[in-house]
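**Student:** Residue strings, one per chain:
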Amino acid sequence: MEWIIIPDKKPDTHVEHIYREKTDKRILKRNPWRDVRLHGTVLVLVIIAELIGTIKIPITKDVAITIMPLIYTIILGLAFYLIKPIKWIHRKQARIAEGAMMLFIGVLIAKLAISSGQSIGLIFEMGPALILQEIGHLATILVLPIALLLGFKKEAIGMTNSIGREPNVAVVVDKYGFNSPESRGVFAIFIIGTVIGTIFISFLVTFSLSFLPLHPYAFAMASGVGSASMNAAAIGPTLAAFPGMETQIEAFAGFSNLLSFCVGIYIVIFIALPLTERVYDWLEPKIGRDSIMPEKEDDNNA
Amino acid sequence: MPDLIDSSENVSVHGIFNWILLLFIFSVITAVGNFLGYHHPIEGSLIGMAILSFITLIGVWLERYVPLDISSILYISVIGIIVAFPGMPTSEFVLKYVSQIELLAIVTVFLAYVGIGMGKSWDEFKALGWRAIVITVLVIAATYYGAAIVAHIVLVLTGVPAV
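Those sequence lines, one after another, are chains A and B.
Heads up: the first sequence runs through residues 7 to 308, numbered per our numbering.
Heads up: the second sequence runs through residues 73 to 235, numbered per our numbering.
It is worth saying that the hints were derived from the structure and are not from the lab.
The model shown is predicted, which means the values in this text are computed figures rather than measured ones.
Do not rely on the hints blindly, as some may be mistaken.
As the list claims (entries may be wrong) - Derived BS3-like pairs (lysine-lysine); straight-line CA-CA distance at most 27 Å:
| id | chain 1 | residue 1 | chain 2 | residue 2 |
| --- | --- | --- | --- | --- |
| 1 | A | Lys-181 | A | Lys-292 |
| 2 | A | Lys-159 | B | Lys-198 |
| 3 | A | Lys-98 | A | Lys-62 |
| 4 | A | Lys-160 | A | Lys-292 |
| 5 | B | Lys-198 | A | Lys-98 |
| 6 | A | Lys-160 | B | Lys-198 |
| 7 | A | Lys-159 | A | Lys-292 |
| 8 | A | Lys-93 | B | Lys-198 |
| 9 | B | Lys-198 | A | Lys-90 |
Generate coordinates for the entire structure from the input sequences, incorporating the hints supplied.
**Tutor:** Put into structure tokens, the structure is as follows:
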């Protein structure tokens, strides 16, 4: 990804997420395995989480919210970083965790791929649904009017053309330039998605499983949103809701995430972005508000 | 952190060594979680994790050595699908051990690292304001429901029974 030129002024730190090279350097130079504090903490978090186990909170007779160990580890992990009295998890540990995470995605993907390989016949059978549901991701453009009503301008194009993960950030930055409002928009979605996306989607899926009478395979396919961590968080409740269908659900979830990753990017480039621009040009004069974005992106919380 | 801003460093044996050790740590933690949460024996889990780690290692190695701009995720997926393909000589061995590892055990460990790693983005996150948070939440929901509803319609139209 060398085509993303780092600007002369110090770039915002969040941009580093999209640089594979930086992750490499972090992993290569730091002897990351030696960081006992980080890995020890993770081990403790996992032990705590697995010992607590899954908790089901019944809301009504048929509806229950399932809280799974994966939610405990992600929230505790974040809490350990943020809570001051915990002294041994610092920025350094977070950087290593982030670098290591890029490697561990591979293990997750490998497990899903093995489920896909095992069920390859079923995947071909469900081919039409798997491919067409990728088009369903275009639904993000429906959020554009709301972004306009909230006072975003061109930022809204970057915000609503896709789910705004790494590949989407790269596409938007490539097309509009690093300092464009569109890129600011996609960066905002990226950062917020990084912090709350995983937790949010896990609850979203839990609720949807209770309230929406959709096909189990549809839930499995939909969890492949194009982000490994959100994919992981979305599969959890889905697996719990349909016991006995683990292999199929993993197969569809994994394959759909793979499709989101390799086909989804072209859908964004050739369909989603041009379409978002069209809708923007059409709607902006009608419902656009005064921009709430200051010239420099420092505070839009006015 | 000036020590890691260096002009260029290529993947070396040292790097692969680091990858292996990281994957080893990840495997051990996952095996512990897999035992505590799902009562699968540690030995089987470790062999299964070794298989997954090995596939990962090949994938990340190929990504950096093959002069094509192909992500490791793609390599890993293809290798994973092939080794588990019904009828492949590897599939019986691979499935025997990998099936002992619950996906959720991997996810739980993975998300612990994600949680610690995302703490770093917290200050930027706070600076972005509620409007951007509203949009992000809606965008994620729209992606999910868009895909779920389209998939459901296609599945119903093609007559797939709701098992």
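**Student:** Where does the structure disagree with the numbered hints, that is, which hint numbers, in rising order?
**Tutor:** 3
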